[in-house]
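Work out the full structure: start from the sequences and follow the hints.
If you read the protein sequences in the order shown, they are chains A and B.
Going by my numbering, the first sequence opens with residue 1, and the numbers climb by one from there.
Going by my numbering, the second sequence opens with residue 1, and the numbers climb by one from there.
Incorrect hints may appear among the rest.
A pair counts as met if it fits within one copy or between any two copies, since identical chains are not told apart.
To be verified - Pairs of lysine to aspartate or glutamate, DMTMM-like flavour, derived with a Cα cap of 20 Å:
(1) LYS334 - ASP262
(2) LYS134 - ASP83
(3) LYS233 - ASP327
(4) LYS260 - ASP110
(5) LYS15 - ASP251
No lab work stands behind these hints: they were computed from the structure.
Just so it is clear, the structure is predicted and the values come from calculations on it, not from any experiment.
Number of protein chains: 2
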Amino acid sequence: MATAKGYAAESADSKLAPISFERREPRPDDVSIEIDYCGVCHTDIHFAQNDWGMTEFPVMPGHEIIGRVTAIGPDVTDYKVGDTVGVGCMVDSCRSCSACESGLEQYCLDGMTGTYNGVDRHDGSITYGGYSDKVVVSERFVVKVPEKLDPAAAAPILCAGITTYSPLRHYGVKAGDKVGVIGMGGLGHMGVKFAKALGAEVTIFTRSEAKVSEAKKQGADHVIISTDDRQMKAAAESFDFMLDTVPVQHDLNPYLNCLKYDGTHILVGLLEPVDPALQAGALVMKRRVLGGSLIGGMPETQEVLDFCAEHGITCDVEMLDIHNINDAYERMKKGDVKYRFVIDMQTLKAA
Amino acid sequence: MATAKGYAAESADSKLAPISFERREPRPDDVSIEIDYCGVCHTDIHFAQNDWGMTEFPVMPGHEIIGRVTAIGPDVTDYKVGDTVGVGCMVDSCRSCSACESGLEQYCLDGMTGTYNGVDRHDGSITYGGYSDKVVVSERFVVKVPEKLDPAAAAPILCAGITTYSPLRHYGVKAGDKVGVIGMGGLGHMGVKFAKALGAEVTIFTRSEAKVSEAKKQGADHVIISTDDRQMKAAAESFDFMLDTVPVQHDLNPYLNCLKYDGTHILVGLLEPVDPALQAGALVMKRRVLGGSLIGGMPETQEVLDFCAEHGITCDVEMLDIHNINDAYERMKKGDVKYRFVIDMQTLKAA
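See below:
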């Protein structure tokens, strides 16, 4: 085992603070990684605060990990020492069910193992995430980071990126489609980049006039103020897809009405009951579809990194000293980040 | 113009009663039809009672029409006098939008013209439905009834049939799929027949133990009592599709949980707000889809009749004397029909 450092929360009320702990002994198919960068996702905050009532404390968040390989097990075939690699939201799954065999490990019938707060399938320990100097992960759950990509700005591709890329591909967005992106945070701004790269005409829906210029800067062809009934009515039945990244309850019905017949509204952020109530007639009368999507499988996580390298896409990031992680959480709660904090892990090593 | 007879409601409170009226002068592309049979759909009751607040009185319901061609206009190419033909839920559309050009006239961007209570696009009159001895319809909205089909039992295929057939095809049900059918009325029992004919393994979900033997008689491979939590839990994540024919508010969440990842829940009956609230997490966490579907386009309406002839499928019907139409409505409200009333129009002619 190797002694590691990191930041963890001891309870829902406590702030994140430095701890030392032991990373597990590498197994034959494991890649040992020295972490350089780790993106900060809203899910990290939810787990640290135990918002979903499922946190095992202490919890060490972080599932947008970029680092370099420092050692490989004897069964590792795809990586060598020195490679720049990434680790996203999962570190294991059953590997043998129909989902895993289809490269959709996120839908593993036996449940995927989360990068943090998951239960290790071999030793039953609770997994610790990427707010750390090192990590040990089976090579199946490691991806290569193309040389062309800035590794810090690539970190959020492993969650915010794949979460928006995967549904755009799965639900069939293609050149010429009219795509609406709802929400302009970490996920939304990546959704715009991907939809544009796929050749779509992209409209950002935002509640605030103040965000229009920023939306245009992100590459949106059009901006609709979603609180303006006149603009929303003018957009009726004109979209092929809506990519809905909003993680809190909101009214889906005005957006459904903006879809053409056979249009698709994709949820990637909303996990709560739909309130106000969904108007079923909006689906039936126009054969519209309301679909969901969860991150992406390992082959597609590699694909999105390669796609980003090919199209020059990275996340807009603000680099973070890990000592400021608690302040960063407060700023994220206020939406005060464009668009993702990424921890520079040198700041941990220097501590 | 030709004088016609039929049954109509004068107001939301009145019963259906006989009236005489003038059918419109045939246009060059029109087919004149003597009606032999007309199925009775729940929608007929909703319009007669003005449940949806959109009825123009007097209203003459009926959109599952089977009859024989008595005359054709000079531009008619596909029908000749004597042909047995059908007319379903639509009698017109704009014919030039992308939906119409795709044979999806039910999603016409300018709105389809309903077989009854619709506004005629040429003369602005309100359309009268099939509870009548004759009707005049443009040939684009007429279908051929294959000789192999019993014409009376074929009538409900024009609404109950196409409404269930179309989404099973559109959403991609194929041999070996596990399909659940929710609701065992006019639509549900047709859904079972189609899903079986497509090679699926079919489970009927019913609230009542008393309906199990009837469900098996309809061809279901399995029956699940939806009010039995133990049975519902045992069915978790095991279905590829749910065909939900229930036309009133009901809890979708237990059914969503019965779908595999990538499973599809298809609404064909529900037009109201979803209550209890839809759990968005059930879509996101397993990439499930909630979709709708509305009847079917004209090419597919012909297709379903041909499919029925090929597979020996008809609707289970109870023949009705039109003088008993008001009693039939009362029985339908209690679910007391297996599975569709069909008016024998000889009883109108004999009156």
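Problem - Ascending list of hint numbers which this structure does not respect - result: 1, 3, 5
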